[in-house]
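Chemist: Residue-level listing of the chains:
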Amino acid sequence: MSGLSGYILSRLGTTALVVVGALTLLFALTLLVPGDPASVLLGPRATPEVIDDLRRRMGLDLPVWLRLLKFLGQVAQGDLGIDFISGRPILTMVLEVMPYTVTLAFASIGLAVAIGVPLGTYAATHPNTAADQALAVVSVGFIAVPNFVIAIYLLLIFSIWLDWLPVLGTGRPGDFWDQARRLILPAASLAIGWVGYIARLMRSSLLEILNEPYIRTNRAFGLSKAKVVYKYALKGAALPTIAILGLGIGRLLGGAIFAEIIFARPGLGKLIYEAIGTRNYPIVQGGVFVIVLLFVLTNLLVDLVYAWIDPRIRANLGKASS
Amino acid sequence: MTLLADLRDLRVALATPAGPAQVLDGVSLEIPRGRIVGLVGESGSGKSTLALALLGLLPASLSRLDGSIRLDGEELVGASPERLQALRGTRMAMIFQDPMTALNPLFTVATQLADVLKRREPGLSGAERRARLLGMLDKVGIADPERRLHAYPHELSGGMRQRVMIAMALLCRPDLLIADEPTTALDVTIEAQIAGLIRDLRRDFAGSILFISHSLGLVAELTDEVAVLYAGTLVESGPTAEVFARPRHPYTSALLACEADLDRDVREALSIPGEVPSPLERGTGCVFASRCIRAEHRCREETPLPRPVEAGRIAACHFA
Numbered sequence: 001m002s003g004l005s006g007y008i009l010s011r012l013g014t015t016a017l018v019v020v021g022a023l024t025l026l027f028a029l030t031l032l033v034p035g036d037p038a039s040v041l042l043g044p045r046a047t048p049e050v051i052d053d054l055r056r057r058m059g060l061d062l063p064v065w066l067r068l069l070k071f072l073g074q075v076a077q078g079d080l081g082i083d084f085i086s087g088r089p090i091l092t093m094v095l096e097v098m099p100y101t102v103t104l105a106f107a108s109i110g111l112a113v114a115i116g117v118p119l120g121t122y123a124a125t126h127p128n129t130a131a132d133q134a135l136a137v138v139s140v141g142f143i144a145v146p147n148f149v150i151a152i153y154l155l156l157i158f159s160i161w162l163d164w165l166p167v168l169g170t171g172r173p174g175d176f177w178d179q180a181r182r183l184i185l186p187a188a189s190l191a192i193g194w195v196g197y198i199a200r201l202m203r204s205s206l207l208e209i210l211n212e213p214y215i216r217t218n219r220a221f222g223l224s225k226a227k228v229v230y231k232y233a234l235k236g237a238a239l240p241t242i243a244i245l246g247l248g249i250g251r252l253l254g255g256a257i258f259a260e261i262i263f264a265r266p267g268l269g270k271l272i273y274e275a276i277g278t279r280n281y282p283i284v285q286g287g288v289f290v291i292v293l294l295f296v297l298t299n300l301l302v303d304l305v306y307a308w309i310d311p312r313i314r315a316n317l318g319k320a321s322s
Numbered sequence: 001m002t003l004l005a006d007l008r009d010l011r012v013a014l015a016t017p018a019g020p021a022q023v024l025d026g027v028s029l030e031i032p033r034g035r036i037v038g039l040v041g042e043s044g045s046g047k048s049t050l051a052l053a054l055l056g057l058l059p060a061s062l063s064r065l066d067g068s069i070r071l072d073g074e075e076l077v078g079a080s081p082e083r084l085q086a087l088r089g090t091r092m093a094m095i096f097q098d099p100m101t102a103l104n105p106l107f108t109v110a111t112q113l114a115d116v117l118k119r120r121e122p123g124l125s126g127a128e129r130r131a132r133l134l135g136m137l138d139k140v141g142i143a144d145p146e147r148r149l150h151a152y153p154h155e156l157s158g159g160m161r162q163r164v165m166i167a168m169a170l171l172c173r174p175d176l177l178i179a180d181e182p183t184t185a186l187d188v189t190i191e192a193q194i195a196g197l198i199r200d201l202r203r204d205f206a207g208s209i210l211f212i213s214h215s216l217g218l219v220a221e222l223t224d225e226v227a228v229l230y231a232g233t234l235v236e237s238g239p240t241a242e243v244f245a246r247p248r249h250p251y252t253s254a255l256l257a258c259e260a261d262l263d264r265d266v267r268e269a270l271s272i273p274g275e276v277p278s279p280l281e282r283g284t285g286c287v288f289a290s291r292c293i294r295a296e297h298r299c300r301e302e303t304p305l306p307r308p309v310e311a312g313r314i315a316a317c318h319f320a
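Protein sequence lines, in the order shown, are assigned to chains A and B. Numbering-wise, the first sequence is residues 1 to 322 according to this note's numbering. Numbering-wise, the second sequence is residues 1 to 320 according to this note's numbering.
Think of the hints as simulated: they come from the structure by calculation, not from any bench. Glycine included, C-beta positions come from ideal geometry on N, C-alpha and C. Any given hint might turn out to be false.
Keeping only pairs whose Cα atoms sit at most 30 Å apart, straight-line, the calculated BS3-like set for lysine-lysine is [to be verified]:
1. B:118 to A:235
2. A:235 to A:225
3. B:118 to A:70
4. B:139 to B:118
5. A:70 to B:139
6. B:139 to A:231
7. B:118 to A:225
8. A:231 to B:118
From the structure, some residues in chain B lie toward chain A, with a derived Cβ separation under 7 Å [said to hold, decoys possible]:
9. 102
10. 105
11. 124
Given these sequences and hints, build the entire structure.
Modeler: Have a look at this one:
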């Protein structure tokens, strides 16, 4: 296990580097984008004195390197700055919407796994049958249709025509079932593309594993088909899918914006989108920073799951870190 | 001597992108109880196909099986997949050429061996099973079995993995063990150790072994009887010592001549000229005629059928 703990340490180190790099890029963004944030915030009728005053309060009059260091130092203390429009701490604003985004991302991926993995497994164990070919067509269709189109259809069918599920919003605070019911359609609209993707990936990796000599060994010793597939083949076949899940969750954390707008849900994507419209850079920085943080943490988790499943990776880790 | 397995006129056609290939073309083979039968031939002669056909492991959708395989009198050609699965791991088992890939890299030796034992003897308690596994690892010559039992395959050397495979086979106590070139992927010293292990096991192992190899030296050392395959047909069979001392088929003679050298480079140079005819295009006449030094007009016209040439010996040659 020393290999694993050494690995976690070295991965935390790289994670920190990625985060600092992302922060620096985010900071540079404010320098590269045209337009002075202070004058944009105050509007065309502000006097130069008022603009200068806000520039000083925002720290825009300091040299660039000092502003970067200050920015990094503040972030390290958990201070993402103050929103100059509402006067509220950005961290608070981000943390308010983060649970909605995280819940949506994990619900979507969870749903995609719960449907995609069994479909892919079925297709791989019944290759070239009519069902397999039908699944292939449906999967590719799911991947190809943009999720906002699916979202609109789901809304139309399940909320408006059938009236089974509520239309918009996130539900009454504290009412778990209401919130869960309102999560179904947005999560499903985001999940469907991933269902197709995971089903295809699962099919191809499981088919590959089922042709491995060690699977032939299992069969030569008469193990049941269920044991061969679900115990011995599925574990290895799950690895590529797990790798994709890390990316998928990361993408959904920042990219759920269409679902958030269509279903009128608060979320990180929507927060950032609206902040870009008003050139409210501190919010863009804070929001993107939190997404980057969640992304690298998710991928760290994926790598650990990988090492936990595959002993050969664990062994290589031990060699690399010692 | 009673027969354990009796293969009669076995034909296997495999579907390939280029059309059906007759990989086995009427092979008859008898495996007596408690004996080791060697199966030799070049790559592509159909040795592994014969083994997979015996176990019922050829993909049903891509292969066509004709003829008869009787195991203890029970017909296996046309038996249900469920019946064949029931026989595998109980009455018959197989170990493979490459021990590096024959074990699942994501599971410990203990898990993989335990599942095989659980199937053979479902009633054992966890502690009994563990004791049996440790005893078996010890028996196949694995030092420190306590530690090896919980190792993953990548933590073991090739020779040790093949010992694990042999342990797996012995846990089944099969009537018929098929060993498909079990030493080919190993280096020479390990090959000798594994061969020694198989020889030693004869004392405890009551079943029959079908030992597939292209190493005639090993076949001579380990087997009681031998069958020589060429291009999907049986060209000669009989007691190993007699066949090797007085081969009756020119192909067997040529194989023995190739083997009678000292190292592999020389063997390459001495190898039989010509190529094994493709299973896609088999014409009339003897399959070996195109490479045979004794071939005459008759050999290209008339297919020589395997026939008894003396007591216990069969050869498929007009001149035998």
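Chemist: So which of those numbered hints doesn't the model satisfy?
Modeler: Checked against the structure, the hints that fail are numbers 3, 5 and 11, while the rest are satisfied.
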